[in-house]
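J.: Listed here are the chains, written in short residue letters.
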Amino acid sequence: MNQRHLADWLRRTAVSNMPLSQRRRTLLRMASAFAASAIVAPLASCATRAAPHFASDPFTLGIASGCPRPDSVVLWTRLAPGPSGSHFLPPENIELQWEIAHDENFRGIARHGTVLATPALAHSVHAEVTGLEPARTYWYRFKSGNAISATGRTRTAPAANALNQRLRFAFASCQQYEQGFYAAYHHMAREDVDFVVFLGDYIYESSWGRNHVRKHTAGEPRTLDEYRNRYALYKSDRDLQRMHAAAPWLVTWDDHEVKNDYANDQSEDLDVNFLVRRAAAYQAYYEHMPLSLRSLPQGPAALLYDSYAFGDLVNFFVLDDRQFRAHQACQRPDRGGSNVVANCAERLEPARTMLGTEQENWLREGLARTRARWNVVAQQTLMAQNDRTAGPNQSFWNDGWDGYPGARARLLGNLAASHVSNPLVISGDVHCTWVADLKVNYDDATSPVVATELCGASITSQGPTPKQIAATLTENPHIRYGNGAHGYLLIELTRERCTATLRGLASEKLVDSAVSTLATFTVDDGRPGALPA
Amino acid sequence: MKLFGRPNMRSLRAAWALEEAGTERASSPYVERLTARPALARAPAGIRRIANRSIRA
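Those protein sequences? They're chains X and L, same order as listed. The first sequence begins at 1 in this note's numbering and counts up one residue at a time. The second sequence begins at 1 in this note's numbering and counts up one residue at a time.
Don't read these hints as lab results, they were simulated from the structure. Be aware that one or more of the hints could be misleading.
Simulated crosslink set (SDA-like; lysine to any residue; CA at most 25 Å straight-line) [said to hold, decoys possible]:
no., chain 1, residue 1, chain 2, residue 2
1, X, K467, X, T517
2, X, K467, X, P532
3, X, K215, L, R56
4, X, K467, X, G209
5, X, K467, X, V340
6, X, K467, L, R56
A short, non-exhaustive set of chain X residues, derived as facing chain L with CB atoms under 10 Å [to be verified]:
no., residue
7, R190
8, D192
9, D201
10, D239
11, D254
12, D261
13, W397
14, D399
15, G463
Note that beta-carbon positions come from the ideal geometry of N, C-alpha and C, so glycine has one too.
One chain only, chain X, in its complex shape (with noise of 0.2 Å):
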């Protein structure tokens, strides 16, 4: 990482706001981390094959589309023959030729070219295909020596000026891999939808929860190789596989994908490396997904969050919750991480930030300039206030927007004062489905809902008991439903209103299990606040 960089990193982190021994201790780590990281290292250094011959399959990982803009999208695969845990290659560059078509049977190629995998990014590429129709599906391949892919499904972005009818796409979160199979993506993929938004936790970092019904195959990764392993793992799963075939990705991350509730440089256990271990994480998650070369980290420091248009129908805001934020507050002695608090004048603090000053300013700067019908805010947990004490007084979960409360009033003061259109918030984090009514002041009865919150179910990871749930319910009357199922919610958009529908498994121990609609609500156009269909 250069100077400007670094200039650039430290501008959009909360570290510019640290007091000042805390400051120099970050910014220490941020040194060390960087010492550490060989991220941006030299592409072309080694020798590169152009036609190499494979024993076995590399593409055993699938392949990937994501970042749908009108004219491009990103196409993604890495080089990876073996059974999970072993799939490195020699050090040498690999030449890989992607061709994206008008049909699935490749008669009417729209672009084509040539992408180097190079072992510094684990032989991972992301093709930035560019040149395309608008609103167009495509079909796409990728061809290394005697090798072919299998053929993925991509569909770009409707035009700026489009004034298009309908979009349809569903979200996912949290899919700790021992805790269920992916039943959901099979069933996802039959949904026929636009694109799938996945809001974080995509892998789990710790092995956890009761149940198993299969194992993580080491233990909790904290190296560069440790992380890439961990993402081949859960990666290897056909049906995850398959749903990244079926349609393009918006992907941000949560916690899980570097450490359970770590905090921009603060990990749950103190870690004093926990920049190198971040660094690390970061490089792998990049690996990973469908992303564009703006999100390839520099040291421990990342740009993910991005907003995407669909022609004037929506507009996305997708956010990072965890890389600007302040450390939680009220934290246990000796001691990061979550905690759930009461009577904490720390967590009231108006300058506490859940995004940083930086992200915060281009969120509210975007949401001042959109003009799309429905504008929807994709971040990683549950905004609505959730009171965890039954009556009069109240605690709070200091790891989610209750722990940011000022944060949180600026963010639905500001979709409330730019007036933004059919402003929709869209979560993940908490393993349940919540659908919520948002205002900017909860104890006021009086405030009005700026916003509708759907807090999506988790694929697999275990969450809230029935018991659980209720009491929630009962004591914040706000947040209107909420259902412990695993599966994923499907939006769809038109003009007129917002259909959210809940898919919930039988099962998600049962590796083909049904899915079914458990709820369904509706947002109409100009009326914030879900209702039941």
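With chain X fixed as given, assemble chain L onto it according to the hints.
T.: Same frame as chain X, now just chain L:
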């Protein structure tokens, strides 16, 4: 122009079973082929949804 020519059949077989027929919504033959799958092993017997679950969100 068709860049790739004849597919490598061994790699295709090693990837997904694209030739298998699907059983649900016939509106997209691609999705049918993509999501078709042979009989897969079930979870270990005795796995049930559990009542009291801890969360690591």
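J.: Against which earlier hints does the structure fall short, listed by number upward?
T.: none
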